[in-house]
Amino acid sequence: MKKSTGIFIGKKTGELFLTLVIVTMISFVLMQFSPIDAATAYARRNAFAITPDTINSLREKMGLNDSLPVQYFNWVADSVHLDFGTSYVNGRDVFTEVTNAFGITASIVLISAVLQAIGILLVGCICYGMRRNWLGSVLNFICIAGISIPAFFFAGTFIDIFAVRFQWMSVAGNTGFMRYFPAALCLSIGGIAFFGQLLAGNINKGMTEDSAVYSRCRGLTEKRILLFHALPGAVYGLLPNFMQMLGLCMAGSMIVERIFSLPGLGYLIVDSVLFRDSPMIHATILYLAFSLVIFNILSDIIKRILQGGAVNSEVKG
Amino acid sequence: MKNKINIILPAAVILFCLFGFLLAAHNPKETNIMNKFMEPALQYPFGTDELGRCVFSRVLWGGWVTIGIVLAGSAIVAVFGSIIGLLLGQSSSVKNLVMDSLLNAVTAIPPIAYLIIFIGIWGNSIPTMLVALTASLILRMIKLVKTLTEVEMEKAYIMCAVSCGAGRARVLFVHILPNIIKGGIIHFLCLSCAEMIMAISGFSFIGLSLGDDVIDWGTMLASARNMIGMRPMLLFYPIFFIFLSTVSFNLLGKQLEKGETANA
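Chains as they are written, first to last, in full-length UniProt numbering: chain A, 1 to 317; chain B, 1 to 264.
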């Protein structure tokens, strides 16, 4: 057991570094083939007179004259010391900027995770309870609609209704919890709709399994079987996927952030895209990849604990 | 029979969203400032927008662009992803281990993150979107096909086929491929299509549009939001079509999966 745990940890760490290396390489290679030259864009933005001389000296300064592998290794060597360079746009330190943005995105995703957990449990149980009812079909359809309507539409409508029409909150510039809550809410609707249905299906499966039949023979009430046997099993079965979903939210929150004007990772990346700010883009992509892999690894760890603990020997990933 | 309707109906809706532009009566880019904010009428079924353009024609052309990108990308992914996946799945050697860990590492990042990377660096345009979409999905597809192939290779019918003298190509493409197409590929593609429609319109909604002169649902939504005080219904038409097409893809995926488990 102990040895296999060691192998597991080693494998996951290897996966983490491999992913980070591959993703950053992709972003460097793509940058190389970018149709717009970073130095020219920089010169345009700062209203330099664009002559071949200024462009050339800029390229020299930005290290664009080195070959791609050299550029990449220079960047890696710096980023190991958490030095991601300075932004081409405003000259600020990329590391602090990206870390701040990361904090905002992480708060949104964490609040959204809590909301999703509550929502999934509620929707899943209601869906299961009403599965034979016509209300159940309506609820099922609402769930499919929830998956099919994009989060950015919820976000836009939310602002139009609560901030513009009723003025219960300001469009931007909320502070504290309310700053993140609307974004987190809009982000979680899709997840709730998707996993609520899955949970209802899993509960249904748990209630028709042999173990449930035996529990009924022991004289346990349906409610007790549902709450203490079928529901935990169904929840455990979904936990690994839920973790991966949270990783997806890190990437998916970008559009919602943009609409709520929250300066998170997504906001940063869109801005740096518009300004061709390559140090910022590379660092943001690195952070994004890192958080995604961490969520994936968490999911694998949960899967492993569940399988090892034999809580439910038929947990499916 | 009921099952068939459940498959045909979403498929028909998707085809309508794709080829509906053939029904468009007006030029979607033709502006006529005199006719702005017209109510729906026979000539303009959905009315006109702030520049007097026919909303009905614009929505249909938007479908051609969005669904066209998604379906073209999926077609490329389906063909190349399954061929590479099949070839990787049937060889078991040391290089498999390397490929495995590479694939695991690359697919740890969800497709939307790849979209962000590609768009982040190349800027948004139709070719970029197509390349990004294909690149991000094909890796997942290869992994899926590879895993499914490995499962199928263990089954008895493959052994029978081999002992009847079937060659490697015949085993892969005649015996395994039909099984895994029904057993997961179509379902995967349908769900990814739904996701991609939302991602594409999301990106153009926040201003990373597909190009200056390209009509698509996200851009229409964004401009309709500015006009919400004047004519809120403008917001409804594009979102309804986004909803219609994603629901169709989701239902199609669900039905095909259900039909498969019912047959098995």
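Incorrect hints may appear among the rest.
[Said to hold, decoys possible] Below are the DSBU-like pairs computed for lysine-lysine, each with C-alpha atoms no more than 30 Å apart in a straight line: (1) A:LYS303 <-> B:LYS4; (2) B:LYS29 <-> A:LYS303; (3) A:LYS3 <-> B:LYS143; (4) A:LYS11 <-> B:LYS143; (5) A:LYS205 <-> B:LYS254; (6) A:LYS205 <-> B:LYS29; (7) B:LYS4 <-> B:LYS29; (8) B:LYS143 <-> A:LYS205; (9) A:LYS205 <-> A:LYS3.
[Said to hold, decoys possible] So the derived label-pair ranges between C-beta atoms look like this: (10) A:VAL213 <-> B:MET153: 33 to 41 Å; (11) B:ILE83 <-> A:ASP66: 48 to 56 Å; (12) B:LEU42 <-> A:ARG92: 54 to 62 Å; (13) A:PHE141 <-> B:GLU150: 53 to 61 Å; (14) B:PHE80 <-> A:ARG92: 16 to 24 Å; (15) B:ILE5 <-> A:ASN204: 38 to 46 Å; (16) B:ILE8 <-> A:LEU135: 42 to 50 Å; (17) B:ILE7 <-> A:THR96: 49 to 57 Å; (18) A:THR86 <-> B:PHE80: 52 to 60 Å; (19) A:SER211 <-> B:GLY123: 41 to 49 Å; (20) B:ILE8 <-> A:THR96: 37 to 45 Å.
[To be verified] Stretches of chain A that chain B covers, calculated by requiring three or more beta carbons in the stretch to come under 8 Å of a beta carbon on chain B: (21) 15 to 24; (22) 210 to 217.
In case anyone wonders, no lab produced these hints; they're calculated from the structure. Just so we're clear, the structure is a prediction, and the values are computed from it rather than from any experiment. Each residue gets a CB set at the ideal place from its N, CA and C atoms; glycine is no exception.
Quiz item: Does LYS143 (chain B) pair with LYS205 (chain A) here, judged by a C-alpha cut-off of 30 Å?
Solution: 28 Å, holds
Quiz item: Can the restraint linking LYS205 (chain A) and LYS29 (chain B) be considered satisfied, given a maximum Cα separation of 30 Å?
Solution: It is violated: about 53 Å lies between the C-alpha atoms, which goes past 30 Å.
Practice problem: Starting from LYS3 (chain A), check that the Cα of LYS143 (chain B) is at most 30 Å away, please. | Solution: 28 Å, holds
Quiz item: Would you say the C-beta atoms of VAL213 (chain A) and MET153 (chain B) sit inside 33 to 41 Å of each other?
Solution: The hinted range 33 to 41 Å holds for VAL213 (chain A) and MET153 (chain B), with Cβ atoms some 36 Å apart.
Quiz item: Are the Cα atoms of LYS205 (chain A) and LYS254 (chain B) separated by 30 Å or less?
Solution: Holds, because 18 Å separates the two Cα atoms, which is no more than 30 Å.
Quiz prompt | Claimed coverage, the segment 15 to 24 of chain A by chain B - three or more beta carbons nearer than 8 Å | solution = This one holds; 5 residues, not fewer than the three required, reach chain B with a Cβ under 8 Å.
Quiz item: That 54 to 62 Å hint for LEU42 (chain B) and ARG92 (chain A) (C-beta), does it hold up?
Solution: 57 Å, holds
Quiz item: Taking the CB of ILE5 (chain B) and the CB of ASN204 (chain A), does the distance hold inside 38 to 46 Å?
Solution: 25 Å, violated
Exercise. Decide if the proposed pair is consistent with the structure: LYS4 (chain B) and LYS29 (chain B), CA atoms, cutoff 30 Å inclusive.
Key: 39 Å, violated
Quiz prompt | 30 Å Cα cutoff - pair LYS303 (chain A), LYS4 (chain B) | solution = 37 Å, violated
Quiz prompt | LYS11 (chain A) paired with LYS143 (chain B) [C-alpha distance capped at 30 Å] | solution = Cα-Cα ~18 Å, so holds.
Self-check item: Range hint 52 to 60 Å (beta carbons of THR86 (chain A) and PHE80 (chain B)) holds or violated
Solution: 41 Å, violated
Checked against the numbered hints above, the structure breaks hints 1, 2, 6, 7, 9, 11, 13, 14, 15, 16, 18, 19, 20 and 22 and satisfies the rest.
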